[in-house]
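Kindly produce the complete structure, drawing on both the sequences and the hints.
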Amino acid sequence: MGEYLLLLLILLPLVGALFILTIRDDRQEDIHNIHNVAIWILGATLLTTLYTFSLVDIEKNGIQIVEKYNWLEFPPVVILLGADVFSLLLLFGVGLSFFISEICLIRQLINRPKALVSSELLFLGLLNGYFLAADIVSFYIFFAAVSMPLIVLISIYSSRHRKNMIIRLNLYHTIGALLLFIAVITIYTLKNSNIPLNTAGNLNLTGKTEYFVWLAIFFAFISRMPIWPFHYWLTAINSSIRNPMVFVAGNLISLVGLYGFMRFWPNTVPETIAIYAPIFEVVSALTMIFIALIGLSQKDFRYKLFSYTTVYYLFYLIGVFLPTGGLKMNIGYSLFAYLIIITVLSFLISHIEQQKKQLNLKGGGVLCYLPRTSVCLSLFVLASIGLPITPLFWNNFIIISEIFNHNLILGVAVILAMFLAALSFLEELYRLKDKSFSTDSCIIGKDLSDFEIFVYGGCLVILFFSFFRPLWFVF
Amino acid sequence: MIQNLLIFTPYIALAVGILHLVFLYIFYEDRAKIYSRIARFWLIISLFFGIVFYEASPFAEIFKNNAYSLLFILIIYMLIYHILGLSVSWFSSKNRTGCRFDILLLAASLVLSLLVETNNLLALFSCYVFLSIINYGLVRISDNKIQISLRSGISGIIVLGLFAAAVGYFYYELNGRLGYAELKTFLQQNPTSILCFGAVTALVLPFFYALGIAPLHIATEDKLSLSALPVSHFFAIVLPLAYLGAFIKLNIILYDVYPDVLGQIYLVFALVSVIFGAIGANARINLQRIYAYSSLYHLGLVLLLLSLGHNHTDFAAFIYLFAYLLSLNGAYLVFYSLKSHGEYLSSITGIAGLAETRAYATGALSVSLFSLIGIPPLIGFWGMFNFAYEIIQAKYFISLSITFAFLLIMFKAYLEIIKTAYFEHKVRIFDTVNRWVLLYMVLNVLMITLLVFNPCHIFERIKDMFYVVFL
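Chains as they are written, first to last, in the working numbering: chain W, 12 to 486; chain A, 23 to 493.
Among the hints, a few may not be true.
[Stated by the list, open to error] A few chain W residues that don't get close to chain A, going by computed Cβ distances all over 12 Å:
| hint | residue |
| --- | --- |
| 1 | 64 |
| 2 | 119 |
| 3 | 445 |
| 4 | 463 |
| 5 | 486 |
[As the list claims (entries may be wrong)] Taking lysine-lysine pairs in the BS3-like style, the calculated list, with each CA pair at most 27 Å apart, reads:
| hint | chain 1 | residue 1 | chain 2 | residue 2 |
| --- | --- | --- | --- | --- |
| 6 | A | 448 | W | 125 |
| 7 | A | 116 | A | 55 |
| 8 | A | 485 | W | 202 |
| 9 | A | 441 | W | 174 |
| 10 | A | 417 | W | 202 |
| 11 | A | 448 | W | 174 |
| 12 | W | 174 | A | 434 |
| 13 | A | 485 | W | 79 |
| 14 | W | 219 | A | 417 |
No wet-lab data here; the hints were simulated from the structure. Here a beta-carbon is modelled for each residue, glycine too, at the ideal position from N, C-alpha and C.
Now the structure itself:
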C-alpha cells in the first residue's frame, strides 16, 4: 500500500463520489446513507493523510515521497506525484474542512444531497491531485479538472439570477486553463518530455518564449483569484452562494490560484520575470483595500465573510511574492487554521441566516435569542481576526513583519486592509448581538445542538493545539 | 478453395444479414427490436470473421486488409452495433419497424469496410458512390426528407461529378490501372503538371465535402440536424471516422508529392471550418444543429493536423477524432433520453430544467461537453493534448491562437446548453428513460472518463495498428 499512498489519497474521494452516484436519494434513509458514506470516505482520507504525514520528516524541506506512473508512450508522459510537508498540510486542512462541513450538513435538509456530496468528493479528489502533482503535465491536468465539479456545484446551488455571470466566470477560468495548457505544452515540447515541477525554473528559456510562458502561467493562476480588474465574476458568484458547503468549496478556487503561485513563484521563476513582482504586489494590496471597503459597506454577513477570505488570500499571495523564501511554512500553518475558521464561520452564518428567516427578523439582534450560537460566533470571529490562541495570530504576525521588512508602504496597506476586514466582522458581530434590535424577549430561536457545539468546540481545540505546535497531529 | 471462401465470410455475413432482414419484412414481422437484434447478430458475425481473417484480402490488389483497416472496421462496427441497439426505442416510439434503417446500416457497414480497405482509386470512387446512395436512403427515413434531399442531392451530384472527373483523368493517364502504387508513381513523375494537381484537388474535395469541412458543410449540416435521430447519430459519429480512414490512406500518396500546396489548402479549409463551426454553434438553438457546427469545428482541428503531413500528426488526427467521436456519442445518447409524451426533443429549450428530473442525463451531457472542450481528465483532453503538442512542435502559433480563441467561443455554446439544463425552469415532463439507453449512457461516460488513463496500454496498441498504413 505504501507504494500507492499518494494515488490512494486522490482515488479515495473519487471512488466515494462514484459510489454515492449509485445510491438512491428518494427516501430519508437513503439521504442519510449518502452522508454516512461521505463521512467514512472523508475520515478514511484524513487518516491516510495522517499516515502519509507520519512517513515524512517534518523538519525537512522539499518533496519526500514520490510516486511515478507511466501514462503514455507517445507523446511520452510519466506522471509524478509527490508530497512534502506543505502539500500534506494543505491536504489535511482541506480534508478537515470538508469533514467538518459534512458532519455539520448531516442534520440539515438540503436540496439535491446526492449531487452536492458526490460533486464535493469529486472536487476533493481532484484538489488532492492538484496538491500532490509533482510534474507540469499532471499539475495542469488537476488545475483544469478541479473546475469541472465546481461548475456543477455552483450551477446547482448559486442563484438563478447569476446564470450569465456563471457562464462568464467559466469562460474566464477556461481562458486561464488554456493559457497554462499552452505554457505546459510549450515547456514539454522544448524539453521533449514531462519535467518535474521544481525544475521548471531551470528551463533556460529566452526572449519571447520566456516571457510568453511565464506570463501565461501567471495569468492562469490569476484567473483563479479575485484580483482587480478581473475580480467581479468570482466575487459576485461566491458571495451569492447560500449553501455553506458550496461556499467553502467555491472559496477554495482562490486556494488553487494561490497554491499555483506557491509552487512556481518563490524558487522557479527566472529573474527576468520576477522583477515585475512589485507591480503585482501593489495591485494585490489595492485590491485588498478595495474589497475590504466593500465588505465594510455591505450589510450581508456572507458577503463580509467573502471579503474577509479574499483579503486573506491576497495577504498570503503577497507573502508568496516576497523575496524571502522562508515564509512558505508560516503561510501553510496560517492557511490550515484559516480553512477551519472559514468552514465553521460559513456554517454559523448559514445557521444565523436560517434563524433570521424563521424568526422573521430583518435587522440585528438575532444572537440575543441564540446564546450558544452567539458564543461560538464570537470566538470564531475573534479567532479569524487574530485572537492570540490560534496559529493564525502567530504566523500572520511573522508574514506581516516580513512584509514590513520588505516594504513599509506595502505593509501599511496590508495592515489597513486586514484592519478593515476585521472591523467589518466586529461591526456585524455587534449588530447581531445588539439588544436594541431584539424587540420581543419571548422569541425562542433554534440554537446550536449539543452535537454542533461539540464539533465547533473540537475545531477550537485543534486551533488551540496548533497554536503551540503547528504539526501536533503528526506522529 | 475453402480458405478463399472463408476470406469472404465477413462480407457474406453482412449480405446474409440483409437478406435475413428482407425475408423477415416479407413475412410481416413488425417489431423493431427483432430487426435490430438480427442486424446486430450478423454484424457481430461479420466482425468476428473480420478479426480472424484480418490480414487476408479477397482481391489483394484492390482491397488490402491489414491492422490499419481492422482498427477502423472494429471501431466502425462497434459504433454501428451501438446505434442499431439504440435505434429500437426511436423506431418503436414512432410505430415503425426500422427494417429499412437496419438494412441500410448493414449495407453501409459493408461499403465502409471496403472504403477503408481499398487501395484502388476506382474502388474508392465506387464505394463513395454506393455510400452516397445509402446516405440518400437513410436521409429518406427522416421527416424532413424533401428539404434535405434537395440540398444534399444537388451538392452531392456536383461533388460526385468532380470525383468522377478526377478518377476519369487518372484512368486515362494510367491506362486503367488505378492502384494507389501506380497513382503515386505517376504523380511523382508529373509533380508540376497543373492538370494533375487539379485532379488531385478534385480527389480531396469530395472527402472535405463528406467530412463536412467548411465551406462545403451545408449538406452535412442539414443531414445531421434534420435527419431522424438514429440516422443523424450514424452520420455524426460513424461516417467521419470511415472517411478519415480512407482519406489518410489516399493523403499519404497525394501529400508526398504536393506537401506545401496541399498543406496550405488544408490549413485554410481547417481554419475556415474552425471559425464557421464555433460561430455557427452559437447562432443555433437546435441541439442537433449545434452539434453539427461543433463537428465542423472539431473536424477543422483534425484537418489542421493532417495539414502537417507527418506520420505522427496523422496519428494525432486519428486520436483527436476518436476522442471527439466518443464525446459526441455521449451527447447524442442524451437525445435518446429526451422524450416527452412520446416525442423526442432536439431543441435547446427542450432540455430546460433537465437537471431537476434527469440528473444522470444532465451529468452525462455535462461530462460529454467538458470532454469535447478537452478538459482533463476526460478523453477529450487526450485529443487536445496531442493536437496542441503537434501544433506547437510545428510552430503553428497563429493557427493555435485562432483555434483556442474559437474554442472559447465554442465553449460558450456548450455552456448555454449546460445553463439551460441546470438553470431554466422545467417546462416539460420527461418520459421514463429506457434502461438500455441509461446503460449505454453510463458505459459511454465510463469510457470518456477512464480511457484517458490508457488501460492495458490501449493507445500503444492502437498506435501499432495505425502505423501499419505507413509501411
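Practice task
Compare the distance between the alpha carbons of residue 219 of chain W and residue 417 of chain A with 27 Å, and conclude whether the hinted pair is satisfied.
Solution key: holds (14 Å)
Problem - Given as non-interface: residue 463 of chain W, partner chain A, CB spacing beyond 12 Å - result: holds (29 Å)
Problem - Restraint status (C-alpha distance of residue 448 of chain A to residue 125 of chain W at most 27 Å) - result: It holds: about 20 Å lies between the C-alpha atoms, which stays within 27 Å.
Practice task
Below or equal to 27 Å on CA atoms is what counts here, so check residue 485 of chain A against residue 202 of chain W.
Solution key: Holds. Residue 485 of chain A to residue 202 of chain W sits at ~23 Å (cutoff 27 Å).
Exercise for the section: Decide if the proposed pair is consistent with the structure: residue 441 of chain A and residue 174 of chain W, CA atoms, cutoff 27 Å inclusive. Expected result: holds (7 Å)
Exercise for the section: Would you mind confirming whether the straight-line C-alpha gap from residue 417 of chain A to residue 202 of chain W stays at or under 27 Å? Expected result: holds (15 Å)
Problem - Pair hint outcome, residue 174 of chain W versus residue 434 of chain A [Cα-Cα no greater than 27 Å] - result: Cα-Cα ~13 Å, so holds.
Handout entry: Hinted pair residue 485 of chain A and residue 79 of chain W, Cα distance within 27 Å
Key = Status holds; Cα separation ~23 Å.
Handout entry: Beyond 12 Å from every chain A Cβ - status for residue 64 of chain W
Key = Since the minimum Cβ distance to chain A is about 26 Å, residue 64 of chain W lies beyond 12 Å and the statement holds.
Problem - residue 119 of chain W remote from chain A - nearest C-beta pair above 12 Å - result: The claim holds: residue 119 of chain W sits with its nearest Cβ about 20 Å from chain A, beyond 12 Å.
Practice task
Would you check whether the claim that residue 445 of chain W is not at the interface survives, using Cβ distances to chain A and the 12 Å cut-off?
Solution key: At roughly 38 Å from the nearest Cβ of chain A, residue 445 of chain W sits farther out than 12 Å, so the non-interface label holds.
Handout entry: Pair hint outcome, residue 116 of chain A versus residue 55 of chain A [Cα-Cα no greater than 27 Å]
Key = holds (13 Å)
Of the numbered hints listed earlier, not one is contradicted by the structure.
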